[in-house]
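Trainee: Listed here are the chains, written in short residue letters.
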Amino acid sequence: MANARQPIATLQYSGMKIAVVAIITLVGFLFAVPNVLDEETRARLPSWMTPMQLGLDLQGGSYLLLEVDLEAVAAEQLTNLEETVRGALREERLGYRNLRSTDEEVFVTIPDEEEISAARSAIRLAAVDMEIDTLENNRLRITIPDQVRTEQASAAVTQSLEIVRRRIDEFGTSEPSIQRQGTDRIIVELPGVGDPERIKDLIGQTAKLNFHMIEAGAAVTDARDLPPGTMLVPDSETPGMTHVVRRRVEVSGERLTDAQPSFGQNGNPIVSFRFDTVGGRMFGQTTQNNVGQQLAIVLDNEVISAPVINSPIIGGSGMIEGQFTIEGVQDLALLLRAGALPAPLNILEERTVGPSLGADSILAGEFASVLGVILVGIFMPIAYFSFGVFAVIALAANIGLLIGVLSFVGATLTLPGIAGIVLTLGMAVDANVLIYERMRDEFNSGRTLMNSLGSGFQAAFTTIIDSNITGLIAGGLLFFLGSGPVQGFAVTLTLGILTSMFSAIMITRLLVWLWFTRLKPQTLPI
Amino acid sequence: MALQPLGRMVSRNFKFDFISVRAIPFALSAILVVASLVSLAVQGLNFGIDFAGGALVEVRSDHDVDLADLRGRLNGLGLGDVSITTFGDTGRDVMIRVQEQEGGDAAQNVALKLVQGELGEGFELRRTEVVGPKVGAELIIDGALAVALALIGIMIYVWLRFEWQFAMGAVLSLTHDVITTIGIFSIFQIEFNLNTVAAVLTIAGFSINDTVVVYDRVREMMRKYKKLTLPNLLNFALNSVLMRTITTTFTTALAVVALIVFGGEVLRGFSVAMLWGMIVGTYSTIYVALPVLVYFDLRRDDMVGTVSNDGQRQVPEYERGPAE
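Listed in order, the protein sequences are those of chains A and B.
Position 200, counted from 1, in the first sequence is what the numbering used here calls 200; the numbers after and before it change by one each time, with no gaps.
Position 117, counted from 1, in the second sequence is what the numbering used here calls 117; the numbers after and before it change by one each time, with no gaps.
Certain hints may be false.
[As the list claims (entries may be wrong)] Now the stretches of chain A that chain B is said to cover, found in silico as 3 or more residues with beta-carbon under 8 Å:
no.: 1; segment: 188–199
no.: 2; segment: 339–350
no.: 3; segment: 362–372
no.: 4; segment: 427–439
no.: 5; segment: 472–480
[Unchecked claim] One-sided excerpt, in silico: chain A residues whose CB lies under 8 Å from chain B:
no.: 6; residue: L357
no.: 7; residue: F385
no.: 8; residue: A419
no.: 9; residue: V422
no.: 10; residue: T463
no.: 11; residue: D466
no.: 12; residue: I469
no.: 13; residue: L493
No lab work stands behind these hints, which were simulated from the structure alone.
Please read all numbers here as calculations on a predicted model, not as lab measurements.
Here a beta-carbon is modelled for each residue, glycine too, at the ideal position from N, C-alpha and C.
Bound-form chain A, shown alone (with noise of 0.2 Å):
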């Protein structure tokens, strides 16, 4: 330890150094400011001056985590590439059997081998980007290459959080942050909503919607007895009750442009919708050829309403009649301005805190801290007298430094990370007793007073580094692991290492200067 020997350099402070310190240490208490401050006055303050944010745990809200089905999404770009293919040989009127799909490709076979160059192409213009092979027994296998699949998928992903998104502005939360994780999932945060009931049942739709006909008077219930091009699709409200309904889509919900809830001539809530230009042409002429028929609206896979069309609709408007509640038509006109799903979404996990509980968290953490700090700065003069001083100085510029950081990098506050503070509240000290300690032996071995203060400092200091290196460690790796609010922990617990390593060595140094040139003590307190 060759610099041992030159202990006053390190305790010597220039005024430059002193102001150096202080304006740190101002700098940090400038952007704790807002934090204690009450609203009106914060919105006075410069836009860099923000106080942390709250995590919901404080603040109360609620985290969803959601997960894109992407089996579902693979599941339907198998069916219609099997529909693709179906399609394809028919238009060439080229003869098949034995269509099907696995889990992962298509099979068909085409009997006449003649044909199957021709049906190779005719599948290869439809599907396009799809692999094509001939196994024996003229049977042909088409695969959704791996880069599709994905990039697919990822297609899908990326138009649900879309689609989430805009529903959520839709409902009307405020600051509410939709992101995406990781391949398939979508974390949502709602601050301030205590009771998610209503949003996660808005999420969980897909909200599909088609407008279908209904096959007339075929009162079928079971499926193998079904006219051909018709299908069963059960009803929203009587359970056990099903439509036979033609496959064939007269109008997709994706030509419609506007919904609304409002009501009917009874005064019943309805929702009045609006086509686009293509979809009102269709679904005039739709009702035009069907006067008299029933009309199926099919939303995910239930039929919500069947009305009979008295006569043609040719505005390019409509509305949805059914058994709904207020409610009910709001979130339908909701769903249906918003979007469609491309796949179902599975909630993995669900936080919620109500306002309530938010607070009480924050009053404890609170109390908790200020007991901390309090019970610390009794025991520490009681130790090292007004060394002790000192340090509980240094520790109280420690927490505005820490909290000044904390708001200036925009983190978040929870109450893990409460707990993270006060924890280093209690270590904070640590630095301190170290660099106390080294004094104390070094002026009792029979070094002057001077002497004593410097190398105390230059001796614990790679002790310092060391034990706190290993605390970064632990903290670095508890915020790239964790989730959530043990990533607050990590944060406060982290920065708090940062800048108790600032006050204990710059702020107590620059205290222990200035009491030795002001009082020139001529023996150590401690």
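Put chain B on the given structure of chain A with help from the hints.
Mentor: Below, chain B without anything else, positioned relative to chain A:
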């Protein structure tokens, strides 16, 4: 005797022989570790819903709660074992835990709705948490990974800064702390959740901090006092940082106790784990991290110079009392 600072009194008047009595704490540690491992193997951990999945509902009632009635009604929902506890001063805060339901992620939500429906009016929803099986499993892996990586990272750092014997000692004592802390959660079946993992990592950080401080001293003294035997030297190093250990542990404990008492229900498990971890961490520095150096054959040749075998304890300069 005039009024003296506590720090001076302690460092002047207390000298303990920590190392020669090491057999007793070694035995104690061994018992604790074995008990922890056995408990972990036999009854495992009482995983909270973070890891086990399921639903948790915390409500505040506006009337006195008939716990038996509530228990009857909620257990009648067919959701398996529903745990209901009250806490707080008024006894009107109720915590309801529903175990993980069969049927994947959606089923947990259905359970939550059932519970909320059954509670009916008069209950303010304070907190709800629903964790599906998929996330629960991931959180367990992440948590274990974080602890393992922390141990490895710290070991590498100590190894770089000190000799390998120190790194081994540090990891041994950290492993001891981690196992016994998790063991306590298993033995007393205290709920083990995400916050507990954070606590375990913080404990690791705190414990290693303590250990490194003493190691630093040991290394320094090995260079300075070449004639001291290793046990004596370790003792000496321990005593010279004793006041620091006491102060840091005490001030941190003050803060943690404030958290336990006033920090609220959500943080209680975390704070209790912290307090236990601090005690174990301090203990393990003295009785695990240091004594094992004797067995790892730490020699002065690893540092500087040679060992003197006379076994004579040389009184170092700053044990002779203040130069008055």
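Trainee: Please go over all the hints and tell whether each is borne out by the structure.
Mentor: These are the hints, each one checked on the structure:
1. Given as covered by chain B, the segment 188–199 of chain A passes the check, having 3 residues with a CB less than 8 Å from a CB of that chain where 3 are the minimum.
2. Only when three residues or more bring their CB closer than 8 Å to a CB of chain B does the claim for the segment 339–350 of chain A stand; here the count is 5, and the claim holds.
3. Proximity of the segment 362–372 of chain A to chain B, defined as three or more residues with a beta carbon under 8 Å from a beta carbon of that chain, is established by the 7 residues found.
4. A count of 7 residues in the segment 427–439 of chain A with a Cβ less than 8 Å from any Cβ of chain B is obtained; the coverage claim is therefore met, three being the minimum.
5. Counting residues of the segment 472–480 of chain A whose beta carbon lies closer than 8 Å to any beta carbon of chain B gives 5, which meets the minimum of three for the stated coverage.
6. At a threshold of 8 Å, the smallest CB-CB gap from L357(A) to chain B is about 4 Å, leaving the interface hint in force.
7. With its C-beta approaching chain B no nearer than about 5 Å, F385(A) sits inside the 8 Å limit, and its interface hint holds.
8. Interface restraint check for A419(A): the shortest CB-CB distance to chain B comes to about 6 Å, inside 8 Å, so the restraint holds.
9. Taking 8 Å as the C-beta cut-off, the interface hint given for V422(A) holds, the closest approach to chain B being about 5 Å.
10. The interface hint given for T463(A) is met, as the beta carbon of that residue sits about 4 Å from the closest beta carbon of chain B, less than 8 Å.
11. Taken as an interface hint, D466(A) checks out: its beta carbon lies about 5 Å from the nearest beta carbon of chain B, inside 8 Å.
12. Among the interface hints, the one on I469(A) holds; its C-beta lies about 6 Å from the nearest C-beta in chain B, closer than the 8 Å criterion.
13. Checking L493(A) against chain B by beta carbon gives a least distance of about 7 Å; that is within 8 Å, so the hint holds.
Comparing the model with each numbered hint stated earlier shows that all of them hold.
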